[in-house]
Amino acid sequence: MSETPAVVADLSRSPLPTRVTLRRRQNVVLQFVRFVRFDLRIMRMVAKGHR
Amino acid sequence: MARIVILGAGVSGHTAALHLKRLLGSRHTITVVSPNSKWNWIPSNIWVGVGEMEKKHVIFPLAPVYQRKGIDFRQAKGVAIRPYGDADDPRPAVDIEYTLPEKAGQTERLRYDYLVNATGPKLRFEATPGLGPDGHTVSVCTADHAVEANVKLRAVIEKLKAGIPQTLVVGTGHGTCTCEGAAFEYVFNVDHELRQAGVRDLARVVYLTNEAALGDFGVDGMIFDQQGFQTTSELWTGSLFRERGVEAILGTHVFQIDEGVIHFESLDGEKHMLDFDFAMLIPPFGGQPLTAYDRDGADITADMFAPSGFMKVDADYSPKPYEEWKAEDWPSTYLAPGFDNIFAVGIAFAPPHQISKPRKTPNGTVIAPSPPRTGMPSGVMGKTAALSIAGRLKNGKDTPAHTASMAQMGAACVASAGTGLTKGSAAAMTMLPVVPDYVRYPTGRDARETQGELGLHGHWVKLMLHYLFIYKAKALPGWQLIPE
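So the protein lines, in turn, are chains A and B. Quick note on our numbering: the first sequence kicks off at 43 and runs consecutively. Quick note on our numbering: the second sequence kicks off at 576 and runs consecutively.
Don't take each hint at face value.
[To be verified] Straight line, CA to CA, 20 Å or less: simulated SDA-like cross-link-like pairs of lysine to any residue:
{"id": "1", "chain 1": "B", "residue 1": "K1047", "chain 2": "A", "residue 2": "A89"}
{"id": "2", "chain 1": "B", "residue 1": "K998", "chain 2": "A", "residue 2": "Q68"}
{"id": "3", "chain 1": "B", "residue 1": "K932", "chain 2": "B", "residue 2": "Y897"}
{"id": "4", "chain 1": "A", "residue 1": "K90", "chain 2": "B", "residue 2": "D1012"}
{"id": "5", "chain 1": "B", "residue 1": "K895", "chain 2": "B", "residue 2": "V941"}
{"id": "6", "chain 1": "B", "residue 1": "K1047", "chain 2": "A", "residue 2": "D81"}
{"id": "7", "chain 1": "B", "residue 1": "K998", "chain 2": "A", "residue 2": "L64"}
{"id": "8", "chain 1": "A", "residue 1": "K90", "chain 2": "B", "residue 2": "K932"}
{"id": "9", "chain 1": "B", "residue 1": "K644", "chain 2": "B", "residue 2": "K1049"}
{"id": "10", "chain 1": "B", "residue 1": "K697", "chain 2": "B", "residue 2": "G884"}
{"id": "11", "chain 1": "B", "residue 1": "K998", "chain 2": "A", "residue 2": "V75"}
{"id": "12", "chain 1": "B", "residue 1": "K644", "chain 2": "B", "residue 2": "L1056"}
{"id": "13", "chain 1": "A", "residue 1": "K90", "chain 2": "B", "residue 2": "K935"}
{"id": "14", "chain 1": "B", "residue 1": "K932", "chain 2": "B", "residue 2": "E723"}
{"id": "15", "chain 1": "A", "residue 1": "K90", "chain 2": "B", "residue 2": "L962"}
{"id": "16", "chain 1": "B", "residue 1": "K998", "chain 2": "A", "residue 2": "A89"}
{"id": "17", "chain 1": "B", "residue 1": "K998", "chain 2": "A", "residue 2": "R66"}
{"id": "18", "chain 1": "A", "residue 1": "K90", "chain 2": "B", "residue 2": "Q1026"}
{"id": "19", "chain 1": "A", "residue 1": "K90", "chain 2": "B", "residue 2": "A902"}
{"id": "20", "chain 1": "B", "residue 1": "K998", "chain 2": "A", "residue 2": "R67"}
{"id": "21", "chain 1": "B", "residue 1": "K613", "chain 2": "B", "residue 2": "I1045"}
{"id": "22", "chain 1": "B", "residue 1": "K932", "chain 2": "B", "residue 2": "L962"}
{"id": "23", "chain 1": "B", "residue 1": "K613", "chain 2": "B", "residue 2": "A638"}
{"id": "24", "chain 1": "A", "residue 1": "K90", "chain 2": "B", "residue 2": "Y1016"}
{"id": "25", "chain 1": "B", "residue 1": "K630", "chain 2": "B", "residue 2": "E723"}
{"id": "26", "chain 1": "B", "residue 1": "K631", "chain 2": "B", "residue 2": "P610"}
{"id": "27", "chain 1": "B", "residue 1": "K998", "chain 2": "A", "residue 2": "V78"}
{"id": "28", "chain 1": "B", "residue 1": "K935", "chain 2": "A", "residue 2": "V49"}
{"id": "29", "chain 1": "A", "residue 1": "K90", "chain 2": "B", "residue 2": "E1024"}
{"id": "30", "chain 1": "A", "residue 1": "K90", "chain 2": "B", "residue 2": "I1057"}
{"id": "31", "chain 1": "B", "residue 1": "K932", "chain 2": "A", "residue 2": "A51"}
Since the hints were derived computationally from the structure, they do not count as laboratory data.
Full structure from sequences and hints, please.
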């Protein structure tokens, strides 16, 4: 195998989510609010963009 | 009574057929020609590919739906288009070859008044030696491919459980692939499965892609307006890769696959080898092999189709540098040039150029993600063609065609990152428009409508879309109220 480490993208500067962020991403109540908000955004985009 | 022939019963063709029937009733004949007997909700194939959904939940037979709706269905493939008719009859026609087992190989010439080419992609595994289920990698492009992918994934998980380290590679199998989103989804679903099985620490998971940057997705990435800052899809997806410990190898053209070894060239022109135990690589897409003839039988395929096999429509195909590409180059009516009764929608139309910046290696190898035209845009194009045809049949041939340019329409892209009603997650993105318009928007897209979020709610959205679109495709009561 001739793969070199340089080929793999350096992601060490990509921001890591904090524990709070990870918990928020799985919080059912908060995520339900986001679910509704995202659905509304899709509908707004459909109305606005599909001409 | 007019006859409308639709080639293909995927998202765009099936949507066009259902809307035409709704708009025209029984006054005209709608004929759908598809080599497949079943409809497949392809976005959920990734769940079949990790064993989280059964094949039967992503497919259903087309014939009963078309029978109930009064749509003529031929299980056959389109072979040739004769837009000027033939020596016997000036009416345009399309030649089909049956794939229905009882009539396999039989041919028929169908006359049409309107034709919708919605043939979808030809999966070009042959573009890379060793790629695909007949080679050394798996795919999730069809439900059957996804079932096979899961079988092989399970075997790898068993080896991991036995303490044998494994390398799993997911990505694109050629420099000109599209559908990077599907590979993105699959890699994180594989990661999720490995974690669920408690074997993630022994697995090396690699995302091998033709994208020059993470988060490109074949649409040149996105710029989000979040919490008062402009952030990029590159930063956002990079964060997910780092968090999950998935390695990314970017800007690659896979040129050969041997048993357990992927050979690829990177943007700097260097050639590399990557060992693997399991690989799911998306193939490049081409147009379905259709030919076209004039009335004398002369071949006019090159006039109607691009070299890629996709059908030319009302786009600006004149070659020009990347810097001069404009949103208005993109088609809006999907009418084939010179014909007011032939449409090409979904993957079947030839895009005027890439959306993502094409690149070449010092060796001259093209590494250029092709533009995605699946899902939401496909459905919108199918409906647009249906509206144009119905309008012309009702109000006369000169009725202006409806328009829906990808440079104006938006799309929602929900990329699963793992399943489970409480443990799942997905990257939920919206973009408007799909093709950036730098004249209208400084960042190319509407900052209010172009957003990305990661979390459990994304999984719920993807699951909701799965049930909604299968309900819609089955044409169950109220289907037309579900937007494309």
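Q. Any of the earlier hints contradicted here, and which numbers?
A. 8, 13, 14, 16, 22
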